[in-house]
Amino acid sequence: MKDNRYEVIKNEMIAPGTFLLTIAGDDSEIKCPGQFINIKIDGLYLRRPMSICEYGGGRMTIIYKVVGKGTDALSKLQAGDSFDALCPLGNGFMIDDIPAGAMLIGGGAGAMPIYKLARILRDEGKDPHVIIGFNRKEEIFFAEEFKNLGTRLTVATMDGSEGVKGTVVDAMDGTADYVCVCGPDPMMKAVAEHSKDGQFDLGARMACGFGACMGCTVITNSGPKRVCKDGPIFKQADIIW
Amino acid sequence: MKDNRYEVIKNEMIAPGTFLLTIAGDDSEIKCPGQFINIKIDGLYLRRPMSICEYGGGRMTIIYKVVGKGTDALSKLQAGDSFDALCPLGNGFMIDDIPAGAMLIGGGAGAMPIYKLARILRDEGKDPHVIIGFNRKEEIFFAEEFKNLGTRLTVATMDGSEGVKGTVVDAMDGTADYVCVCGPDPMMKAVAEHSKDGQFDLGARMACGFGACMGCTVITNSGPKRVCKDGPIFKQADIIW
Amino acid sequence: MSNMIDTSVTLSGIKLDNPIIPASGTFGFGKEFAQLYDLNILGSISFKGTTVEARDGNKTPRVADCQAGMLNSVGLQNPGLEAVVAEEIPQLAELCSKPLIANISGFSVEEFVTCAKAMDSSDPVGIIEVNVSCPNVHAGGANFGTDAGQTAEITKAVKAVTSKPVYIKLTPNVTDIASIAKACEDAGADGISLINTLLGMRIDIKRRQPVLANRMGGYSGPGIFPVAVRMVSQVREAVDIPIIGMGGISSAEDVIEMMMAGATAVQIGAANLVDPWICKTIIEELPLLMEKLGIEKLSDIVGIV
Amino acid sequence: MSNMIDTSVTLSGIKLDNPIIPASGTFGFGKEFAQLYDLNILGSISFKGTTVEARDGNKTPRVADCQAGMLNSVGLQNPGLEAVVAEEIPQLAELCSKPLIANISGFSVEEFVTCAKAMDSSDPVGIIEVNVSCPNVHAGGANFGTDAGQTAEITKAVKAVTSKPVYIKLTPNVTDIASIAKACEDAGADGISLINTLLGMRIDIKRRQPVLANRMGGYSGPGIFPVAVRMVSQVREAVDIPIIGMGGISSAEDVIEMMMAGATAVQIGAANLVDPWICKTIIEELPLLMEKLGIEKLSDIVGIV
Ligand SMILES: Cc1cc2nc3c(=O)[nH]c(=O)nc-3n(C[C@H](O)[C@H](O)[C@H](O)COP(=O)(O)OP(=O)(O)OC[C@H]3O[C@@H](n4cnc5c(N)ncnc54)[C@H](O)[C@@H]3O)c2cc1C
Ligand SMILES: Cc1cc2nc3c(=O)[nH]c(=O)nc-3n(C[C@H](O)[C@H](O)[C@H](O)COP(=O)(O)OP(=O)(O)OC[C@H]3O[C@@H](n4cnc5c(N)ncnc54)[C@H](O)[C@@H]3O)c2cc1C
Ligand SMILES: Cc1cc2nc3c(=O)[nH]c(=O)nc-3n(C[C@H](O)[C@H](O)[C@H](O)COP(=O)(O)O)c2cc1C
Ligand SMILES: Cc1cc2nc3c(=O)[nH]c(=O)nc-3n(C[C@H](O)[C@H](O)[C@H](O)COP(=O)(O)O)c2cc1C
Ligand code: FES
Ligand code: FES
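Residue numbers (our numbering), protein chains in the order written: chain V, 6 to 246; chain X, 6 to 246; chain W, 39 to 343; chain U, 39 to 343.
Isolated chain V (complex conformation):
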């Protein structure tokens, strides 16, 4: 973990209320998708955690939804502006544990770490099956990029305006052997009911983001864990839903 300064390269709305932020700065310590950064925003006391979607070559992308003061302030950043962030935080996906043919499942804005993960697994020849779910067609983003990955891709929309009608679970079509999942809590829980094993990106309200405050504790089968430091990626067997 370092406290780095990041310069905004691009900050564009990619779906209603959802932004893609491209920043330049130190990404040298990032190890794998699922890690996150904790952003200092002027005028707010606590930092705001955001998953790292893409990284490499001194550039990172973040995809965020505007839900309150902090994300609203983020949405006003312009190219050339800069901010401090602690980077990287948390443990990402345990890539070596992921078997070939695993399902990578993402829901809504939270889907993004899946993209980078899919690329890595593809490059390792592990041929993952990607499932992404959205409410409706207009909310889908990064669809082109996902398609261009060349891996098996299923899109689900709640209203059926694109791909399978329904949730990602409907798109799973039965019980999966191994899943890697990012998305809202209820979605992850539903996926877990249809998978034998896997890794899940748990959400939590955080203060420090680096393990000092016990603000983000989740009770697991191996006792209380800090989502920020011991996660945010947890093994299915450890999670108590």
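Mixed in with the good hints, there may be bad ones.
To be verified - Now the in silico label distances, taken between C-beta atoms and shown as ranges:
(1) U:42 - X:22: 23 to 33 Å
(2) V:21 - W:97: 53 to 63 Å
(3) W:72 - V:7: 52 to 62 Å
(4) W:53 - X:129: 49 to 59 Å
(5) X:33 - W:315: 12 to 22 Å
(6) W:133 - X:8: 14 to 24 Å
(7) W:48 - V:190: 40 to 50 Å
(8) W:245 - U:78: 30 to 40 Å
(9) V:240 - U:253: 24 to 34 Å
Said to hold, decoys possible - Partner residues aside, some chain W positions facing chain U, computed with beta carbon under 7 Å:
(10) 91
(11) 184
(12) 213
(13) 243
(14) 246
(15) 265
(16) 298
If you're looking for bench data, these hints aren't it; they were derived computationally from the structure.
These numbers come from a predicted model, not from an experiment.
Where a beta carbon is used, it is the ideal one built from N, C-alpha and C, also for glycine.
Could you slot chains X, W and U with the ligands onto chain V? The hints should help.
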């Protein structure tokens, strides 16, 4: 009083720790020297009051000394930056009351409203005598401008490195009939002991600056007064030293 | 903006167009603000705390900045009851025709009673707000408001001399705000105003002396908001009479939050001093925010959390 | 920087190189910070509040932002006395060889005593810091620390089982902090730590529920600094034992101010969470600031205002 936005044109150090700030923005309501503005500085709660030195044509100058967080933040402003300020506040010098030949006395950074006042009185043909006092030669600023006014000018320095050695009172050379004074409290008190009548620019710690909070009260011979709203210029006869 | 948005609230039978009330001590007697906007847009006005005798207040400096707010030790400077009733209230009534809130203070129970009597017969006064955050000179100078018994005693004494609604304004510098509020209710109070300022102190490290001549002073502004919300919520659970909530409110969002915590109306204090148009801005933004949050009738959200 | 600058301070005979101590609950058991800087630069460390039994803490969300600070309702999550003494303290002692401050909590006097005994026999522990801001389960759940008698009782009980200096950590949510501090001194306390968090609350106005699952929580950060300075100053006047001051400290200037108010040493809490290098930065800046302010020996300024 309006809440205006001002753009920084220039912000330069003119003596050690003393800055001259030139800003562009609404100066239409300013009536006379001695009035002030109350500046909103990012990250600080209360505004910071500053006397208006020069004004006219949509430009104003402020001269300030760095003494704490607010003035330190001001000193970092660069051309093109902008800030909000309430403008104008307070009653300036009562110009009609000032007789010909009055002494205009300024001490240190506080001297500046005197400059504009001298120009106005000169233009009205009231031939004022300007006395400005500093600790030492290096601290004198605006000396050229004062000289160019073409009015009678006496400079005093404590160490005698320029002009009369001593305080402005030493430069007064006896008792004055009428004075207009800006400067530190002890200096003003000393001047008052050597003048029959006059107007004084009283200092005070302020919160609102426009008469709402009773934060800046001074007890005068006509009862408690708000320095910000009833002053900051008070008549000598009213002041209890 | 939909026509159906209703920002009105009712305090002890007095209907306010909206819940926004400038807080005592931060709005003088309205004169300065009347030059900036029409005071009749306000729900009401709580004017400067009035005492029987005229007071010059404490030594200066008596205001100071602190990052998330300010300190003050103004010390109840006011022209005294007679002048307030004879001059200030009539002048304020010219500027604002709403029922006003008379904020009164005293250094003995008798002084509170004297003030309340005078306010009772002043027509423009709709509500009497009793500021109990004063030292009781007859009891060694301890603060009335930190003692439930003394607060109840003042409440009873004031209620006995007026038929107007009496709101007791509580100090937050206590262990158990709920029990003090309950004591007021039991003693007949019509409502509770809270919070007054938190006792605070700052030091000028260069001069090595307190920033306030009075050493300590009242801390107000955004930094006290979480404490104010908590106390309003605690008092809401303890009493059935209406609450006027305040402490650090600076936006329409803050107003909604304070009302959800349990306030029927709110007061805006220190924020007036840094942004003299803040009450007007909030009044304009409230209906828009209500629409966004799906609130049709503002009074519906009082204490829903 | 002049060689003559002396930042050392002494707490009950224990000399610290400087007065900077991370506050309990914001520094865990040091592991995370040891990866960022050498913990031996610190004056000492007050580690996570320890209870007899292991605790999972409160429901989440249990942290929240509020403009000038944060709320927490972590609820004393810790692995329990046995694990702390057997594992955490030895590990921390590897990372930091200074005498440590053991922050202990309990829900009955007996629990405090059990913790104190164990800490008494743990070599790395230099000072026992007794956090009395806990509900007393034997007395209807009211907070120990809001009652001078109960606080004194805990003080006496703990003093009876340890020869190490005992510092009582007070809650600020009281009417009269000075009298509670005095009760501790009279009961034999070696020092006072203050302040713990102010009780606060925030509401999520979109979801219409409190931001914390626990409804209310402890408010810390810059917004509580003026209250902390005031209480340290009040306690300084009331007692002769040393004070560890805390509450919102975020800079070397804040440290000086807290010490001028009466603190012999200080703790840094929430600031560690937003800037994990803050203690190191302050320790580096202190001597420079001392030079600027003409302070040669830091301990000279304790309580000078
Ligand atoms: C490890 C981690 C990674 C994250 N990655 C992303 C990401 O890639 N993209 C993204 O859009 N968001 C992400 N989030 C969530 C993001 O941090 C929050 O949305 C953000 O902090 C909200 O800040 P705000 O000031 O805008 O909202 P606030 O004003 O603080 O709150 C607005 C609303 O959002 C809710 N909220 C606040 N924080 C959280 C949270 N942590 N989780 C759930 N709800 C919350 C509040 O209850 C409230 O209703 C991540 C969170 C974590 C812990
Ligand atoms: C009507 C008026 C006009 C003013 N005009 C000017 C001007 O033209 N140029 C100028 O340099 N200053 C002027 N001042 C003073 C100026 O407002 C203060 O220096 C400034 O507010 C300090 O802010 P700060 O945050 O830098 O200092 P702080 O961090 O607030 O304080 C730093 C130090 O300055 C002292 N201080 C703070 N405010 C004042 C004050 N109002 N008066 C005296 N001492 C204070 C404090 O006690 C402390 O020791 C004026 C003040 C008033 C009331
Ligand atoms: C300068 C100033 C003067 C005040 N004077 C009074 C007063 O006379 N009577 C009173 O009951 N409260 C007084 N207060 C307290 C406020 O009315 C209010 O309760 C408190 O400031 C909290 O609200 P705020 O954070 O919005 O300012 C005063 C506050 C300030 C800042
Ligand atoms: C997340 C968090 C956890 C805390 N846990 C404890 C604790 O276990 N024991 C304790 O005595 N104080 C605890 N505190 C209080 C701090 O030690 C400190 O007294 C308080 O936060 C004020 O200081 P600050 O404003 O610098 O944070 C905690 C504070 C925070 C923010
Ligand atoms: S957020 Fe502080 S421990 Fe996880
Ligand atoms: S500063 Fe508020 S009345 Fe003068």
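Verification of the hints:
1. The hint said 23 to 33 Å for the Cβ distance between residue 42 of chain U and residue 22 of chain X, and at roughly 26 Å that hint holds.
2. In this structure the hint that residue 21 of chain V and residue 97 of chain W lie 53 to 63 Å apart at CB holds, the actual value being about 58 Å.
3. For the pair residue 72 of chain W and residue 7 of chain V, the beta carbons lie near 55 Å from each other, so the given range of 52 to 62 Å is met.
4. For residue 53 of chain W paired with residue 129 of chain X, a C-beta distance near 57 Å keeps the hint of 49 to 59 Å intact.
5. Between residue 33 of chain X and residue 315 of chain W the CB atoms are about 18 Å apart, so this pair conforms to the stated range of 12 to 22 Å.
6. Taking the beta carbon of each, residue 133 of chain W and residue 8 of chain X are about 21 Å apart, inside 14 to 24 Å as hinted.
7. At about 41 Å, the CB distance of residue 48 of chain W to residue 190 of chain V agrees with the hint of 40 to 50 Å.
8. One distance hint, 30 to 40 Å for the beta-carbon pair residue 245 of chain W and residue 78 of chain U, holds here, with the actual separation near 35 Å.
9. Roughly 33 Å separates the CB atoms of residue 240 of chain V and residue 253 of chain U, a value that falls within the hinted 24 to 34 Å.
10. The closest approach between the C-beta of residue 91 of chain W and any C-beta of chain U is roughly 28 Å, which is over the 7 Å cut-off, so the hint fails.
11. Below 7 Å, beta-carbon pairs count as interface contacts, and residue 184 of chain W has one with chain U at about 5 Å; its hint therefore holds.
12. Given the 7 Å rule on beta carbons, the hint for residue 213 of chain W holds: about 5 Å separates it from the nearest Cβ of chain U.
13. Using the Cβ-Cβ criterion of 7 Å, the hint placing residue 243 of chain W at the interface with chain U is satisfied: the shortest such distance is roughly 5 Å.
14. Residue-level restraint check for residue 246 of chain W holds (minimum Cβ-Cβ distance to chain U is 6 Å; threshold 7 Å).
15. Satisfaction of the interface hint for residue 265 of chain W is found here, the shortest Cβ-Cβ separation to chain U being roughly 5 Å, below the 7 Å cut-off.
16. The closest approach between the C-beta of residue 298 of chain W and any C-beta of chain U is roughly 5 Å, which is under the 7 Å cut-off, so the hint is satisfied.
Checked against the numbered hints given earlier, this structure breaks only hint 10.
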